[in-house]
Each structure stands twice: as structure tokens, then as C-alpha cells.
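2 protein chains.
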Amino acid sequence: MASATRDRIVEASSELFRRQGYTATGVKQIVAEASAPFGSIYHFFPGGKEQLGAEAIRHSGALYGQLLDLFFVPGADPVAATEGFFAGAAATLRETDYADACPIATVALEISSSSEPMRRACAEVFESWIAGAAVRLAEAGIEAARARALAISMLCSLEGAFVLARALRSTEPVELAGAASAQAVREALPARHVSRGARRARG
Amino acid sequence: MASATRDRIVEASSELFRRQGYTATGVKQIVAEASAPFGSIYHFFPGGKEQLGAEAIRHSGALYGQLLDLFFVPGADPVAATEGFFAGAAATLRETDYADACPIATVALEISSSSEPMRRACAEVFESWIAGAAVRLAEAGIEAARARALAISMLCSLEGAFVLARALRSTEPVELAGAASAQAVREALPARHVSRGARRARG
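Protein chains in written order, with our numbering: chain Y, 1 to 203; chain V, 1 to 203.
Here chain Y stands alone, though its shape is the one from the complex:
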């Protein structure tokens, strides 16, 4: 029961941080969303909101990282997997009225200059996503250093597309970022993929 309360606090915090950021989310709102007693925050998180914040970032990061597995299944075409991942992100944005984008980007921008423990949590999550995508691109035949560089570029495209999509209330940036990322994957694949990809992409 105690552990269930703790989990609900972390989950409610993750969701509130994603939608409105860290600063705008008060402890009162967190306990209300989590149906938890006020004092439970300081019972479970003696370091207060900052400790809870770092844990919520890691929690969201681990969940979101698993989404890669939905698209990059063993043997999948990495170009199609990339297209599918971005299309899934666009669909989620539409379905949630542009609220559910990256679970940690808002917090990352807010606190990078002010909270070193939370900045480090965000950095760990981004590094884990980069490593996860790089492994899958390398499995598709892309040389390791290039796979890592490509994973970083793709994550930049996705994160920026979320910023624009939320402000513009349009999924067009996500769709264009997905097409650009799929094209970059196509170009990085070994030759047997490139000739097929080139036929689809040029013209």
C-alpha cells in the first residue's frame, strides 16, 4: 500500500511535469492527482520536490524509451520503423490535444540552469534513449559511430518537432521531422538498402 502510494506520486508527477512543467506543478496538485496525503511526499521523498522531480524524470524516461521496441522489432526495416515511430508520436499529439509530447523536455529546459540533480536525471534519460536508438540502428547494419550520430540527430528532430507541434497545434513538424529522419536512416544504411531507398526518395 505504501509502495503503491509512492508509485502513484511518481506517476502523477511525471504526467503533470510533462503537461505544464516542473515549476508550475505544486506539491498540493501532485498529492491531489495521486490521491495521497500531503505529508506522504516528504515521507517518501525526504529531498522534497527536487528529489521527486529527478525520480519522475527517470521513471518517464524508462517508460518512453520502451516505445522504441514497438517499432524497432527484430528484423524490421529501420526506415519503416523510424517512419512508424514519428507517425505514432503525431497520432498521440492529436489524440491528447497536443498535450502528450516528450515527458521530460519541458523540465529539461526549465531546470538545466538551476537544478543540477534534475539536469543530470534528464541527461541520463537522453543518453539512454540515444544509446537505445543507436543499438537498433547498428543492428540494421549502420556502423556504430554513425549510428550514434544518427540517433542524436533523430532525437533532436523529434524533440524540436514536439516544441513546434505544441505551439502550432499542428502535427506537420512531426511529420516533416519523421520524413527527414527516415531519409537520413535510408542514406546511412549499407548499399543494398540505399539503392532501394534512393528510388523511393529522389525524383
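Please keep in mind that the hints were generated in silico from the structure rather than gathered at the bench. Just so it is clear, CB atoms sit at the ideal spot from N, CA and C, and this is done for glycine as well. Please note that the accuracy of each hint is not assured.
Selected chain Y positions facing chain V (in silico; Cβ < 10 Å) [what the hints assert, rightly or not]:
hint : residue
1    : Thr5
2    : Tyr42
3    : Asp69
4    : Glu95
5    : Asp97
6    : Tyr98
7    : Thr106
8    : Ala108
9    : Glu127
10   : Ala131
11   : Gly160
Start from chain Y and add chain V according to the hints.
Just chain V now, with coordinates in the frame of chain Y:
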């Protein structure tokens, strides 16, 4: 004098929002930074912090949009201009200890689900940047619809690179996003550019 005070308030707000976001920035901190009397905020901005916020977004957006002109000068190679723009952003990040990234992205993520006037201000700024970049890419010979799509992809890459760079305290994402964007520009240019670009990019 009154107008100078108003300008200082807008400029101080823009700088604070860029570094720490909208929610974390209090009116007290704004008047302190602007060396303005407390009541002057409500004198100049009867709509309060939200009105000031929307104006600060438009102010920052207009200033930042002018940066394009530093790199996309008439007759410039658009590939080199793209590389230069991202390299300039990376240098600014390093020089400011990763504080000065996009002036409006933090606010855009924070308020897109909560303040319609500020979301609209962010959307106008992003649209103006997209239009500005698209015009310059079209002047370089890229067909108009493709130039707009490319401008959006490039802005996604830049915005996401800022998110990652601030969290990771590294300019590597900006450098990789710049290389990917330059490559996309190279591929979109008419044939006489592509052959030269292809020689530099492949291999």
C-alpha cells in the same frame, strides 16, 4: 523615459524567460532586473504577466529572427550559411554556460496547454522564423514548398538540439543537427550544387 522603462521590462522578461521559463519568473524578479518600480508592470501591461509574456515572446522572436541575416547574406552558399548558423548557436551555448539557447522554447513548452494568448505568440514567432528561412532557401533555388518543408525540419533540428545540449551540457547535438541540416539543404539544391555537395558528404 517611460518608454525606456517599458523596453527594459520587456527585455528583462525575455532574458529571464529564456533562462528559467515563464512560471519560475516572478514579477518581483522582473522589476529588479529591469530597475523598474513594482507598479510599472501593471501600468504598462494592464493584462499583467500574461500580456507581458506574450510581448516578450514577440520581442525575442523578432530579435532572434534577425540572426538569419548574419549567415544567409545575399549570394551566400546556403549549405555554408546553414553550417554557420548552427556553429554560431553552438558557440553561444558554450560562451553562456548553456543558458542562451532558444528564447521562446521553454515558454512554448510550459504554456502551450495553459495560456492561449502566449501559445499564439509562440506560434506567430515560429511561423515567422519558418517563413524567413523558407524565403532564403527559395532564393537559393529550392522550390517553394520544399523550401518551407526544409525550413520546418531545420527548425525542429535546432530546437531539439537546444533541449539536448542544455541537458547534456554538450554542443555535440547542435553540431550533429547542423551537419544533418546542411546535408538536407545540399540535397534540396538544384543539380549544379548537388554534385559538389555529394562529393563532400558521401564516402
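Hint check results:
no., hint, in the structure
1, Thr5, "violated (27 Å)"
2, Tyr42, "violated (22 Å)"
3, Asp69, "violated (22 Å)"
4, Glu95, "violated (14 Å)"
5, Asp97, "holds (8 Å)"
6, Tyr98, "holds (7 Å)"
7, Thr106, "holds (4 Å)"
8, Ala108, "holds (4 Å)"
9, Glu127, "holds (7 Å)"
10, Ala131, "violated (13 Å)"
11, Gly160, "holds (3 Å)"
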